[in-house]
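**Q** Work the whole structure out from these sequences, hints included.
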Amino acid sequence: MKFNYAIPTGLLVASILFTGCASNDNNNNNNSGNEAAAASSSNAANAPASTTAPAAADLTSAIEQYRNYVIEQCDAFVKMTESFTTAVKAGQLEEAKALYAPSRMHYERIEPIAEALGDLDPNIDARENDVDPADWRGFHKIEQALWQNGTTDGMSEVADQLLKDAQLLRAKVETTDIDATLLVTGAVGLLNEVSSSKVTGEEERYSHTDLYDFVANVEGAQKIYELLKPELAKKDPALDQTIGERFTALLNELAPFKSGDGYVSYETLKEDEIRKLSQNLDALAEPLSNMGTILGV
Amino acid sequence: MKKDKSAKPVAKPSEGLMDQKLSRRDMLRLTGVGGLGLLLGGTGAGSIIAARKASEPAPAALAANADTIPFYGSHQSGILTPAQNFIVFAAFDLTTTKLAEVKQLLEAWTTAAAALTSGSLIGNVNDNPNLPPSDTGEADGLSPSKCTLTFGVGPAFFDGRFGLASKRPSTFADLPAFAGDALEPQWCGGDLCVQACADDLQVAFHAIRNLARIARGTAVLRWTQEGFQRTGGADPKGGTPRNLLGFKDGTGNPDVTDAAAMQEIVWSGSGDGPAWMNGGTYMAVRRVQLRVEVWDRSPLSDQENTFGRYRQSGAPIGAKDEFADLNLEAKDAAGRPVVPPNSHSALSHGDGSVKILRRSYSYSSGMNLKTGQLDAGLLFISFQKDLVKQFVSIQQRLAKSDMLNEYILHTGSAVFACFPGVREGGYIGETLLG
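Chains as they are written, first to last, in full-length UniProt numbering: chain S, 1 to 297; chain F, 1 to 434.
There's no promise every hint is true.
With a cut-off of at most 30 Å between alpha-carbon atoms, the simulated DSSO-like pairs for lysine-lysine come out as follows [claimed, not checked]: (1) 97(S) - 79(S); (2) 276(S) - 103(F); (3) 276(S) - 237(F); (4) 234(S) - 98(F); (5) 331(F) - 276(S).
Calculated from the structure, these hints are not laboratory results.
**A** Here is the structure:
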């Protein structure tokens with residue numbers, strides 16, 4: 001039962017400061033289990049349990065550091081993509097296959113940024129039925145040629161275009177607006193990517209290199225978490241601790257699937273292993289989705 | 001590559017600032033101490049304040065009415081509570097090995113359950129544009145729909161993980177193998193269970209969904225099964241519900257309003273086992289697939305002999321009234337028992353000395369892809385104070401010689417120790433973990 005009123009937030013904050021009241025009691029749930037407040041930060045549906053008047057943290061420095069990270073990843077992405085496309089154009093099938101997944105990892109780490117840049121994401125990363133057949137290009141088109149057709153034939157133009165798209169991405173990130181909201185939602189966005197396609201093996205349907213993308217998405221999310229950690233630790237230390245622990249748990253769960261410099265094929269995963277990875281991912285994504293608490297109310 | 005190709009609008013934090021929502025209690029508190037009132041007086045901003053959806057009828061949550069089953073009490077609800085229209089049953093496995101985290105989960109579940117059963121939103125973060133709402137929202141504005149949430153722990157909870165082995169009630173263990181069992185691991189066991197029942201399926205689903213969400217990082221779903229009965233609306237007189245074989249199911253159930261009988265059959269009392277279970281009960285769950293296609297090809301007389309009852313009236317064979325006593329001594333002219341001794345009713349009844357409280361639901365889980373037949377059956381649930389003396393002794397008789405066995409397949413099995421009720425301010429399982 002809620003009677004809601006709309007008032008400007010400035011007013012709300014001022015009023016709460018005036019009265020010195022905690023804002024913890026503003027629902028009608030008749031929550032009498034006060035002990036649960038202690039658990040709230042590790043249980044997403046109750047987090048955050050902040051009792052201070054909400055105010056947005058200063059994330060200028062975190063955003064700047066993230067931009068540097070994005071640029072660094074983009075530089076590596078362009079370089080690796082160049083090697084990959086060169087191999088494709090030279091007809092070096094095995095070399096191209098070996099470079100495919102590692103190149104993509106740099107892209108997968110910064111996917112939220114690419115997604116904010118119009119058509120670049122579909123141009124680089126669309127799967128066969130994501131776009132009109134006439135518009136299909138990018139990594140997965142080459143993936144299909146390499147693994148399903150077993151050839152680099154006919155991929156020369158696609159390779160050229162892919163490199164151009166990668167270079168365009170690199171140029172654009174320099175000036176892209178990265179706001180605090182993009183940063184905060186980007187972290188959980190990366191995990192949602194894993195949840196909806198990588199953990200099901202739908203992303204890399206020909207090469208079965210899904211675990212490379214999985215790991216890269218998680219690493220990208222972890223980078224954002226680490227940049228926001230100082231502010232988060234101030235605002236909600238219990239939430240910060242939970243997120244930290246669950247990153248560790250997920251990475252531990254992934255560790256056995258490492259193979260050489262890369263990861264085992266998705267096809268070798270057993271059903272219960274996939275389910276466990278998915279559940280660990282959900283366990284992390286839930287508290288991570290509450291990092292927005294540092295943006296204030 | 002995102003699945004959703006539509007450009008994702010990046011929400012600006014500034015959006016929504018003007019419609020920051022306050023509960024009435026906040027308004028009263030704030031205005032009461034003068035903070036807001038003073039500010040408003042000085043700014044003339046009063047016109048900004050408007051009741052949201054002023055015409056909205058008062059949701060059922062605050063109106064204490066027949067749609068609410070109290071969550072707090074000496075026993076858990078959802079046991080003696082007359083079966084609601086729908087069930088969503090969920091078994092969970094704990095992923096944590098820390099007892100403190102199990103306790104935190106049960107505390108958080110208690111808080112959430114109090115909200116869910118009263119039709120309130122869960123949590124206090126439902127209006128912040130920067131955060132996912134703490135309640136998933138699909139039951140917002142719906143009546144509590146007699147939602148009950150019943151919690152229990154399985155035998156596995158008492159293995160070495162939490163140091164609670166010594167607290168396990170001595171007869172509380174996984175059920176023994178019964179003749180004809182066709183159990184599949186994906187429908188068996190669980191460290192914890194939540195039985196969500198409600199007169200609305202969306203309300204029941206909402207409860208399990210949110211409890212599973214709260215559990216993330218501590219416990220994961222192991223198996224779930226939805227079930228239904230005929231609705232109250234379809235049967236306003238509230239007759240004994242029929243199972244999917246077309247027969248009335250539950251005629252012989254003990255009377256839940258008979259407190260002495262419930263004490264004798266359902267509730268664990270002092271002297272019955274560990275003190276932490278006083279006021280609790282044990283739940284047996286069996287997922288029973290019905291071979292409906294085969295059943296539908298059986299003549300009525302076979303069907304009735306199988307149950308030992310008439311299909312239309314539900315009366316025992318040879319009797320007229322549904323609630324007539326089952327007379328297992330009666331013989332026909334040829335000297336044969338009127339009610340076949342191997343019929344489901346006769347075997348379930350036995351000598352009548354052992355009773356259980358049944359609270360089953362039918363389920364329909366679509367189509368069996370292998371056979372093209374309906375995947376339908378019974379989510380059998382019973383409550384009793386002693387699983388071995390009550391459920392197991394009856395089920396052993398049935399498994400051995402029930403004529404119904406030809407038409408059914410037990411595919412799932414689990415047992416749970418359902419805690420005593422929760423007092424306000426306490427939490428589920430406090431008698432065990434406190």
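**Q** Work down the list of hints and note, for each, if the structure agrees.
**A** Hints, one by one, checked against the model:
Distance restraint check for residue 97(S) and residue 79(S): the Cα-Cα separation of roughly 16 Å lies within the 30 Å cut-off, and the hinted pair is therefore satisfied. Our distance criterion of 30 Å between C-alpha atoms is met by residue 276(S) and residue 103(F), whose separation comes to about 23 Å. Between residue 276(S) and residue 237(F) the CA atoms are separated by roughly 47 Å; this puts the pair beyond 30 Å, and the hint is violated. A C-alpha spacing of about 26 Å is found between residue 234(S) and residue 98(F), which places the hinted pair at or below 30 Å, so the restraint holds.
For the suggested pair residue 331(F) and residue 276(S), the alpha carbons sit about 59 Å apart, so the restraint of at most 30 Å is broken.
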